[in-house]
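For this one, chain A is given, so just place chain B on it according to the hints.
Residues per chain are reported as follows:
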Amino acid sequence: MTESAIVGQWTAAPGAEEIVTGKARYCPDIQLPGLLCGKLLYSPHARARIRKLDVRKARNMPGVFAVITHADIPGENSYLYAEPDQPLLVVDEVRFQGDAVAAVAAVDERTADAALAAIEVEYQELPGIFDPLEAMQPGADQVVQGEDNVMMSQMYRAGDVEAAIASADVVIENTYRTQWAEQAFLEMEGGVGLVDDEGGITVYSSCQAPHRDRMQIARALAMPESMVRVITPYIGGAFGAKDEAHVQIHAGLLAHAAQRPVHLIRERRESMLTHVKRHPMIIDYTTAATKEGKLLAVKARVIADAGPYTNSTHEVLNKCGEFIGGPYKVENVEVEKIGVRTNNPITGAFRGFGAPQAAFVYESQMDDLARKLGMDPLAIRLLNGVETGTKMYTGVVIREGTAMKASLNKAAEMIEWEKRDQVERRPARHLRRGFGMATILKGSGLGRGLADHAGVVLEMHRDGSVVLQSGAADMGQGIVTVMAQLAAERLGIGMSSVRVVRADTAKSPDAGASCASRQAMVSGNAVLEAADTIRDTLLTMAAGKTKIARDRLDLKAGRLTVDGEPHELTVKDLALRAGIWGYPLHAESLVHFEYPTDVPDVTYRFSQEVFQFCTQIAQVLVDCETGQVTVERLIAVHDAGKMINPGGVYGQIEGGIAQGIGYALTEELIVKEGHTQNPSLENYVIPMAFDIPELEMEVLEIPEPLGAPLGAKGIAESPIIPTAPAIRNAIYDAIDKPLYELPMTAERVLPVPDAGSIRH
Amino acid sequence: MNADRHSQGALPDTICPPDTIRFVLDGELVEIRNPDPTRTVLQYLREDLRKIGTKEGCAEGDCGACTVAIAELDQSDSRLRVRAINSCIQFLPTLDGKELITVENLRRDDGSLHPVQEAMVDYHGSQCGFCTPGFIMSLFALYKNNAEPGRREIDDALAGNLCRCTGYRPIIEAAQEMYGYRVVKDSWLEEPFAANGKCGADEKKKVEVLKSATRSAMLSVDDGKRRFFSPRSVDELASLVETCPDAVILAGGTDVGLWVTKQHRELSTVVYTGNVEQLRELSVTKTHIDIGAAVSLSDAMLPIIEHYPEFEELFLRFASPPIRNAGTLGGNIANGSPIGDSMPALMVVDTTLVLRRGDQAREVSLSDFYLDYQKTVLEPGEFLERILVPLRPSDTQVQCYKVSKRFDQDISAVCGAYSLRRNGAGITDIRIAYGGLATVPKRAVHCEAALTGREWNEDTVRAGIEALDRDFSPITDMRSTAEYRRTICGNLLQRFYLDSSGNASSRVYDYGR
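Going down the list, the sequences are from chains A and B. Be aware that the first sequence starts at 4, since it is given in this note's numbering, and climbs by one per residue. Be aware that the second sequence starts at 479, since it is given in this note's numbering, and climbs by one per residue.
So here's chain A without its partners, still in its complex pose (with noise of 0.2 Å):
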């Protein structure tokens, strides 16, 4: 290859025009004729019996097409991510507030809204598990009738942790709490369900998981797979809340009993109220170093509260535990992961999976550890730090690690780190001054023993234009236009020439689920592969024709290139010609990610071997007599193998430090006996353009070695890691306060010691 035409340049995505000017179609812009409006109906309470459901009334109204409960869900009547204890309508039992009871469809939102007020449901209410200290408890009263509130229950176990800290010159044990978090994504869930032409159904779906989707669209509908499709229209956004299912489900059901077309797009409290959260949790931290500050053990509990169901409990705590130990060489390392039933709201993935709350706690301890040596921060990082070759607790061999510290010095160099002394740290009567730092890493892709994989359809035409099918859902991270740019790298051709099909089952291979940092790596080495075959195509062709040597031929800039010059064919050219005399331009590619086979003793389960390191440092102001605290600067320095798109690589980053910021300080679903009292965006005050600081970024471009495409690797889940740990220590810097609990409201930062407050 010769020097990259289109990978590594700022590149807007292809749907951007679309966009700017209003005409991008998102689920609630679809157009249908005789479209239908599908609701859902919520208890009010978060737990109760059924003792009445009768929609006969609901269902011989004017203006309703379909009404629907769970006796008339032709086929299984639950959700599956992992397990199927979700039911799409709840049977006898409502387990949490965002429980749908029924569905309709009518033909407007008022008739919809009068039909379910018609349905009568008579509920008696049950006393709630809301503390998921008190669930635990043997004996207590069991959130789902037979099965334990503990629905997990795992213990990991690397060395001798009694051992180290019995010999440790220094122990910090601390309790930290976590919130609910939402992912406040813009666009609510919704899905748009029409009956097609062969009776199947197909289902246009705001989602992560089109393929999984439509997985579960079937199975509730008792309908072969075969029958059902579903299409990605534009995506406003999900940030882990829309890879579990959520009302797609019922809008296929709803169209299928109407036999007519239905949308279902969810209100924005009804988002609020029904998707999964990020965990809360409570972690108890055990680390135990020499006096010099090597790290000797970590030992830890993480009691995440659940919900009623599964969800992703077991796969989020998976993740959280694998890194419970931070970017540390430490060898003894002992985590309990714990994930209760509860009648609070559900919990899955968002952004960091399980990683944020770990680091939150990681690294605090790290800062506490540092005062407690009286070392610097930097010091001790620099001191415990992975690198390449580094062996974790885990098993893992590190194959590039390199990051880890660079990130560390270059952050450190970027804020000078070492002069933060020097800076006024009273600007102001009021106010006090700090700097933190918190460094992470985190995995990319499923982990090793899943089944990693994602296809493609690549098609070039005798114009000389290219669609591109992909399963991978967009939902702003940008993977459609990091396809189409290695597909046109690839080529030779401009952006303009590929057009990119938003994923649609009945079109694309599977690419499961846009999630865990991984569309870039497998999604785009299979673009890669399917791109290569149609290139070598067009080259073995060109070499043909000019009889010049099939290894000084390349493609590039929309032409032919002969050592690296422009030569008089052009790529449409060689696409016509290839037409005409009948070569296939048209390749499929699907690619596994492969574990490495040499590292026999990985001992963690589904653990992730390709990394994100990164490092963050904050400098905040905290307001002594109000406790607000004012995020002035933050670096980040993030590691993205090489950079397919930079500007989408920025995008994430500043997009992850935005929601690291709410993550730290402002967010937070207050649930009271199940209830949440604040599903607004007006009352879960996620930041706005003021809050957010100056950024002062740097990628480090360190090719990843790990089967990621021309180096590249996720970058998408880093960035609002580390933000709420440095903003924390940044704290304790400024006033001298160690905070444990999440989001540092100014109610937790109050009373500042020293502050000279007449009240506190």
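These aren't lab readings, by the way, just hints derived from the structure by calculation. Just so you know, these numbers come straight off a predicted model, no measurement behind them. It is possible that part of the hints are untrue.
What the hints assert, rightly or not - Computed list of lysine to aspartate or glutamate pairs in EDC-like fashion (alpha-carbon distance at most 20 Å, straight line):
1) B:K529 <-> A:E21
2) A:K26 <-> B:D955
3) B:K689 <-> B:D497
4) A:K740 <-> A:D371
5) B:K740 <-> A:D116
6) B:K703 <-> A:D116
7) A:K26 <-> B:E525
8) B:K703 <-> A:E123
9) A:K26 <-> B:D588
10) A:K675 <-> B:D955
11) B:K740 <-> A:E273
12) A:K675 <-> A:D604
13) A:K60 <-> A:E123
14) A:K26 <-> B:D600
15) B:K529 <-> A:E123
To be verified - Label pairs and their computed distance ranges (CB to CB):
16) B:T765 <-> A:R113: 50 to 56 Å
17) A:E21 <-> B:Q654: 20 to 26 Å
18) B:D724 <-> A:E21: 43 to 49 Å
We put the CB at the ideal spot given by N, CA and C, even for glycine.
What follows is chain B alone, placed relative to chain A:
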């Protein structure tokens, strides 16, 4: 919407029937006879016209995905002014006499992009793109109103728009760079603001069209279930309110809109104050800033800030620009929310309200206006006509502090306002008011009494803080805790003492950014 009730095309210059609303969209006059008056502009765009560019993200004016721009004649009737508003809580008849501009209108006839759109593409201002049309329209309003915005003005212009993907930086960059693009000559949409800018031919044309859509008689819409009146004079308004005491008085609609979109309430009679000439007047007399009850917050805040610069931060943090553009100061006061942000500040400067019923007017101090949760002294048939904010006495120190989780567009946990007059060290007059601590915004009378006549020193302030416990028993809710509120109301009083004693300032804007 029935086709026969909805016609397009420039109408001859006739008097518009009183039951027909008339506004400009896509360059044409649109007439709708007797629409559902509580239909929102967003529902009209998306559901009736199937113009899907404008999005719904929350349906309560929090996220800004639904932002559109409104152009209307300015005070002189010879120029246009343009403002961003939230279409999700704006009722359709309030468009009467105005031009509605949506994201679809910015693209040029030849298919190329408006500078705002081009900048958003070039600077990666979109990821998922769902918030983008709203940002485009907020940026368009900024583009039309400010030639060289700094970061603070850009942050403020974007304070009504949430983005969850980009972290805002690329959008801020687009805002900085959008002035550098090629513009189409003689296109009002593309002429950026210039301080002494001339009225171009395109704008003149638009002005003429809007003038032709101006009405002199009252708009009176009835869709069979709901009535909507838009009186032109305060006498008309007074007689309407007196004859229909159950009518909902609609000013900016930033709260009433939610009654419909969120609480699904049916409003049978709505009386809109937005076209009442006298209520839109804003003047500064020798003694007062005299603000008509229908003056928008954006307009009302300007003379208040001029006379009380200490209140600038409060008003810039007050909701968001789209909300301040639609919402009125009169509505904020009359609505009587315990966390309304204007009231504590206006109370301590001794604001008086003029209330009107029939042809009778009476004056009430703002401090005496609230009785209990959402209960005021307004009697049936009575409404708020004017707000009289005294000019600042030269020897008075004032201050206002808002404490909320987020800087912009967030509801106060506590909002404290203070006004102090001293004779040497002795306090001759002190007024203290808080929002967020009781069922209504309220003066801290016990605290004031504990301070008046004493020396303005730390001991006095300590006594004042103790007295605050007799004034307020704050509660814990989703915005804060009782303990925090109790602590903060004291800390803010102390802050006022410290700020007033030295030359210190505790405004957020003065630090960090």
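Hint check results:
Simply put, K529 of chain B and E21 of chain A have alpha-carbon atoms about 14 Å apart, close enough for the 20 Å limit, and the pair holds. Of the supplied pair hints, the one linking K26 of chain A and D955 of chain B is violated, its CA atoms being roughly 41 Å apart against a limit of 20 Å. Distance check on the hinted pair: K689 of chain B and D497 of chain B sit about 19 Å apart at the alpha-carbon level, within 20 Å; holds. For the suggested pair K740 of chain A and D371 of chain A, the alpha carbons sit about 10 Å apart, so the restraint of at most 20 Å is met.
Between K740 of chain B and D116 of chain A the alpha-carbon distance is near 13 Å, which keeps this suggested pair within the 20 Å criterion. Only pairs whose Cα atoms come within 20 Å are accepted, and K703 of chain B paired with D116 of chain A is accepted, the gap being roughly 18 Å. Of the pairs offered as hints, the one joining K26 of chain A and E525 of chain B holds, with about 15 Å between alpha carbons and a cut-off of 20 Å not exceeded. Of the pairs offered as hints, the one joining K703 of chain B and E123 of chain A is violated, with about 28 Å between alpha carbons and a cut-off of 20 Å exceeded.
Between K26 of chain A and D588 of chain B, the direct Cα distance comes to roughly 16 Å. Compliance with the 20 Å bound is thereby established for this hinted pair. A hinted pair counts as satisfied when its Cα atoms are at most 20 Å apart, and K675 of chain A with D955 of chain B qualifies at roughly 11 Å. In summary, the hint linking K740 of chain B to E273 of chain A is supported, as the alpha carbons are separated by about 12 Å, within the 20 Å threshold. Of the supplied pair hints, the one linking K675 of chain A and D604 of chain A is violated, its CA atoms being roughly 45 Å apart against a limit of 20 Å.
Between K60 of chain A and E123 of chain A, the direct Cα distance comes to roughly 8 Å. Compliance with the 20 Å bound is thereby established for this hinted pair. With a C-alpha separation of about 18 Å, the suggested pairing of K26 of chain A with D600 of chain B holds against the 20 Å cut-off. In summary, the hint linking K529 of chain B to E123 of chain A is not supported, as the alpha carbons are separated by about 37 Å, beyond the 20 Å threshold. Judged by the Cβ atoms, the range 50 to 56 Å given for T765 of chain B and R113 of chain A holds: they are separated by roughly 51 Å.
Hint check: E21 of chain A to Q654 of chain B, Cβ distance near 24 Å, so the stated range 20 to 26 Å holds. The supplied range of 43 to 49 Å is met by D724 of chain B and E21 of chain A, whose beta-carbon atoms lie about 47 Å from each other.
In this structure, the hints that do not hold are numbers 2, 8, 12 and 15, in rising order.
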